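Protein chains in written order, with the working numbering: chain E, 157 to 305; chain Y, 282 to 402.
If you are wondering where the hints come from, they were derived from the structure by calculation, not from laboratory data.
Bear in mind that the values here come from a model prediction, so they are computed numbers and not experimental data.
Built from N, CA and C at the ideal position, the CB exists for glycine as well.
All clues stand as given, with none of them false.
Rough simulated footprint, nothing fancy, chain E against chain Y, three-plus residues with beta-carbon under 8 Å: (1) 296-305; (2) 311-318; (3) 325-338; (4) 365-372; (5) 377-389.
Simulated restraints, written as ranges between beta carbons of each label pair: (6) Y:Glu396 with E:Thr248: 41 to 47 Å; (7) Y:Arg389 with E:Val227: 17 to 23 Å; (8) Y:Asn393 with E:Ala176: 26 to 32 Å; (9) Y:Asp395 with E:Ala250: 43 to 49 Å; (10) E:Met241 with Y:Asp395: 24 to 30 Å; (11) E:Ser269 with Y:Asn393: 43 to 49 Å; (12) Y:Lys390 with E:Val245: 43 to 49 Å; (13) Y:Val370 with E:Gly177: 18 to 24 Å.
For lysine to any residue, the following SDA-like pairs were computed, each having C-alpha atoms within a straight-line distance of at most 25 Å: (14) Y:Lys316 with E:Met238; (15) Y:Lys316 with E:Ser161; (16) E:Lys162 with Y:Val385; (17) E:Lys162 with Y:Val394; (18) Y:Lys316 with E:Asn163; (19) Y:Lys316 with E:Ala294; (20) Y:Lys316 with E:Gly226; (21) E:Lys299 with Y:Phe397; (22) Y:Lys316 with E:Gly231; (23) E:Lys275 with Y:Asp357; (24) E:Lys162 with Y:Asn393.
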Amino acid sequence: MVVTSKNIMHSALYLALSFAGVAVLYVLMNADYLAAVQLLIYTGGIAIMVVFAIMLTLRGEVCDSNPENGVWGWGAIIAALMFVMIALVIFTNADWRVLAAPWTSGGSAEAISLLLLSKFMIPFEAAAILLTMALVGAVVLAKGVKVSK
Amino acid sequence: MTLSYFSNLSVGLTSYLLVAAMLFCLGLYGVFAKKNMIAILMSIELMLNAVNINFVAFNRFVWNQTIDIKSIITYDLTGHVAALFIIIVAACEVAVGLALIITVYRNRKTTNVDEFNWLKW
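Generate coordinates for the entire structure from the input sequences, incorporating the hints supplied.
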């Protein structure tokens with residue numbers, strides 16, 4: 157639906173729906189913290205930002221705002237081949253035909269926080285710096301910089 | 282390939298991997314086929330989500346190790362941490378990408394990638 161809808165606003169709303177579906181998958185895999193983060197950041201933040209960007213850049217008829225380009229057939233063929241290949245790998249790999257071991261721990265937020273602040277502290281700080289720089293860069297890009305004399 | 286490959290299709294690792302592969306390939310198709318820049322950005326988000334599902338699924342089904350951090354016995358959630366970093370990077374990417382799209386729209390009055398030909402000569 158995200159990639160087939162002709163109306164880009166519908167496409168963005170279906171995107172939010174699919175993000176929520178991924179959050180449900182996280183809950184099924186006992187990743188409750190990640191599900192919460194997914195709901196907050198993706199469906200709460202990214203989808204809303206995409207909707208705002210669409211409203212800012214939309215012109216003309218909304219019903220035909222998301223057309224395919226000339227080579228969409230090739231794209232479909234390549235994507236289908238890719239899917240068949242991945243599915244073959246998944247089905248023929250015997251190590252991956254496992255069922256879930258029973259989950260004995262509680263929520264995952266505590267373990268994630270301990271891991272983030274001990275073993276993965278350097279990437280954590282780097283991600284913080286990256287977020288700050290991306291925010292500043294986005295503001296500069298969207299607003300423009302006055303050239304000083 | 283016989284039917285025995287498919288006989289064990291209760292909700293195991295295979296199902297999650299298939300869902301993720303489907304999501305990834307839909308995103309790939311969107312990147313190839315769409316004209317609107319925002320649609321392409323959304324497709325990239327779909328692909329990143331598929332990778333996240335894979336990380337969490339492998340962490341849940343294959344990597345069943347317990348660790349002991351300060352006398353708290355929990356699972357080793359390295360896959361969750363990786364997925365978390367991917368979410369952070371995706372948020373950055375969407376912010377910068379949408380800013381770029383708005384800037385390009387201000388200059389060109391379009392978001393159609395077929396009409397972007399600055400780099401051609």
